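J.: So you can see what is in the structure, the chains are spelled out below.
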Amino acid sequence: MNTSSRPWDRVRAIAAKDLTAERRAKANIVSVTSFGALTLLVFGFAVGPDSATLRATAAGILWLAVLFSGVLVFHRSYQLELEGGALEALLLYPGERWEIFAGKVLANLSVVFLVELIVIPLAVVFYGIPVPSHWLALLAVVVLGTIGFVTLGTFYAAMASRARSREVLLPLLLFPMLVPVLLAASEGSAALLAGDPMGDAGAWLRLLIAFDVIFVLASLLIFQHIIEA
Amino acid sequence: MSEEPGQRSLPGGDAISLRGITRRFGHKWALRGIELDVGLSELVVIQGPNGSGKSTLLRIIATAVVPTGGAGHVVGLDLRRAAAAIRSRCALLGSTNGLYEDLSARENLLFAARMLGVRQPAVAIADVLAQVNLTNDADERVRFYSSGMQRRLALARIMLREPQVLLLDEPFNALDADGADVVNALIARSIARGAAVLIVLHDLARLAHRPTRSLALGQGRLA
Numbered sequence: 008m009n010t011s012s013r014p015w016d017r018v019r020a021i022a023a024k025d026l027t028a029e030r031r032a033k034a035n036i037v038s039v040t041s042f043g044a045l046t047l048l049v050f051g052f053a054v055g056p057d058s059a060t061l062r063a064t065a066a067g068i069l070w071l072a073v074l075f076s077g078v079l080v081f082h083r084s085y086q087l088e089l090e091g092g093a094l095e096a097l098l099l100y101p102g103e104r105w106e107i108f109a110g111k112v113l114a115n116l117s118v119v120f121l122v123e124l125i126v127i128p129l130a131v132v133f134y135g136i137p138v139p140s141h142w143l144a145l146l147a148v149v150v151l152g153t154i155g156f157v158t159l160g161t162f163y164a165a166m167a168s169r170a171r172s173r174e175v176l177l178p179l180l181l182f183p184m185l186v187p188v189l190l191a192a193s194e195g196s197a198a199l200l201a202g203d204p205m206g207d208a209g210a211w212l213r214l215l216i217a218f219d220v221i222f223v224l225a226s227l228l229i230f231q232h233i234i235e236a
Numbered sequence: 665m666s667e668e669p670g671q672r673s674l675p676g677g678d679a680i681s682l683r684g685i686t687r688r689f690g691h692k693w694a695l696r697g698i699e700l701d702v703g704l705s706e707l708v709v710i711q712g713p714n715g716s717g718k719s720t721l722l723r724i725i726a727t728a729v730v731p732t733g734g735a736g737h738v739v740g741l742d743l744r745r746a747a748a749a750i751r752s753r754c755a756l757l758g759s760t761n762g763l764y765e766d767l768s769a770r771e772n773l774l775f776a777a778r779m780l781g782v783r784q785p786a787v788a789i790a791d792v793l794a795q796v797n798l799t800n801d802a803d804e805r806v807r808f809y810s811s812g813m814q815r816r817l818a819l820a821r822i823m824l825r826e827p828q829v830l831l832l833d834e835p836f837n838a839l840d841a842d843g844a845d846v847v848n849a850l851i852a853r854s855i856a857r858g859a860a861v862l863i864v865l866h867d868l869a870r871l872a873h874r875p876t877r878s879l880a881l882g883q884g885r886l887a
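For the protein sequence lines, the chains are S and B, in the order given.
At position 2 of the first sequence (counting the first as 1) the number is 9 in my numbering, and the numbers step up by one without a gap.
At position 93 of the second sequence (counting the first as 1) the number is 757 in my numbering, and the numbers step up by one without a gap.
Just so you know, the hints here were simulated from the structure itself, not pulled from any lab data.
Quick caveat: nothing in here was measured; it's all calculated off a predicted structure.
It is possible that some hints are incorrect.
On the chain S side, residues computed to face chain B include the following (Cβ under 10 Å) [claimed, not checked]:
1. Arg-13
2. Arg-17
3. Arg-19
4. Ala-23
5. Lys-24
6. Glu-29
7. Arg-31
8. Glu-88
9. Gly-91
10. Gly-92
11. Glu-95
12. Ala-96
13. Leu-190
14. Glu-194
Where is the CB? At the ideal position from N, CA and C, for every residue including glycine.
Could you put together the complete structure from these sequences and hints?
T.: Pasting the structure below:
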């Protein structure tokens, strides 16, 4: 049988496979999105009914809701491979290890963006957030923040995937590493939602770009040692 | 043809050449100094008690496990330096089937075909599904398959390619007589086109071909 595959074909194949499995298990995406919505609601109750305080804290709470939901997505991403010993079969296909990582990041990005598509409008309603004038820059912060978050999440989920207590280990490994991305994303979002009065949103945006470049390159390089350990 | 990094000419047509291969898991030695040469078109059976290191040996040759010590070449490629190139010339049917339970049989094979770069995947998938007699159940989720059907599907995935080295770990597990015929036909085809076949097997009676050699592995050593 005539065979030859290119790296990008394999990256797309892995992403498509993960998304098909995710689509099949509808309960997972529903649970993840509901969990995100519930987080928004619970934090809203904790902050109190004052509309000004709610608006001021909205960006940070929104990113926390995405973070908590994302951890469930990352965990599921490798759970797929562990059921039935599929991880070993995946590692035995021709090609380099970074292709597996890139495929998984693409699939996880799609799922987390889908969660954000539902959670962000809910946050607008719950917290009374006005549509900002700098909406394009805000969109860039959301996209860049999500890329950094998903890259790190996918990487650490691979590291935790073979541990017995992986459900606990993943947040323990991931959350401290996420501080820079979370800080830049929530501060950048808050600044833009407030109309960027101090003009510091651009700096947060540049910081996010720098983090993303570093995290993506470092993860692609190190992933081989993590997945073969 | 130019040689790839880590590649050498096949000495005397050796498809597999292992020298002093060891592997340790924690404190336990799974393999202790394995010396093995398997030529092209050879059918070699490895037998031994449970826990003797048979599966580990196949997984090392397939590059799923990195050896602790020793050196080895598979189709002339260095086990450590050219693992990615070995993976494109070597196929392993492991003791687990490695299938995605939420996908259908056809989707599992489509994924494998994309990873392998199979040209005309739809035709190839229809062909292998027919060979393992799963055409009528091809769109069922694997989660609802019996263990025998899952083994057939794992075989179908191997049949999407024509590796130079075929590694089979208890291939007859969970298979009925028809399934065993599929395995034997796969072995016959592989040998006929010059591939080396290495099988870990407890029950030789189900193997339709006379092996070139039978080796015994005990306590991590080949006898």
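J.: A separate judgement is required for each hint: does it hold in the structure or not?
T.: Do the hints match the structure? See the list:
The beta carbon of Arg-13 (chain S) is positioned within 10 Å of a beta carbon in chain B (closest approach about 7 Å), and the interface hint is therefore held. Contact between Arg-17 (chain S) and chain B, as hinted, is supported at the beta carbon level, the nearest pair being about 5 Å apart and thus within 10 Å. For Arg-19 (chain S), the interface hint holds, since its Cβ comes within 10 Å of a Cβ in chain B; the closest pair sits about 7 Å apart. For Ala-23 (chain S), the interface hint holds, the least distance from its beta-carbon to any beta-carbon of chain B being 8 Å, beneath 10 Å.
Evaluation of the Lys-24 (chain S) hint against chain B yields a held restraint, the C-beta minimum of about 5 Å falling below 10 Å. For the restraint placing Glu-29 (chain S) at the interface with chain B, the shortest Cβ-Cβ distance is roughly 8 Å, inside the 10 Å limit, so the hint holds. Annotation: interface hint on Arg-31 (chain S) holds; nearest CB of chain B at approximately 4 Å, less than 10 Å. Interface hint at Glu-88 (chain S): satisfied, since its Cβ lies 9 Å from the closest Cβ of chain B, which is below the 10 Å cut-off.
Among the interface hints, the one on Gly-91 (chain S) holds; its C-beta lies about 5 Å from the nearest C-beta in chain B, closer than the 10 Å criterion. Using the Cβ-Cβ criterion of 10 Å, the hint placing Gly-92 (chain S) at the interface with chain B is satisfied: the shortest such distance is roughly 3 Å. With its C-beta approaching chain B no nearer than about 5 Å, Glu-95 (chain S) sits inside the 10 Å limit, and its interface hint holds. The interface hint given for Ala-96 (chain S) is met, as the beta carbon of that residue sits about 3 Å from the closest beta carbon of chain B, less than 10 Å.
Among the interface hints, the one on Leu-190 (chain S) is violated; its C-beta lies about 36 Å from the nearest C-beta in chain B, farther than the 10 Å criterion. Checking Glu-194 (chain S) against chain B by beta carbon gives a least distance of about 39 Å; that is not within 10 Å, so the hint is violated.
In this structure, the hints that do not hold are numbers 13, 14, in rising order.
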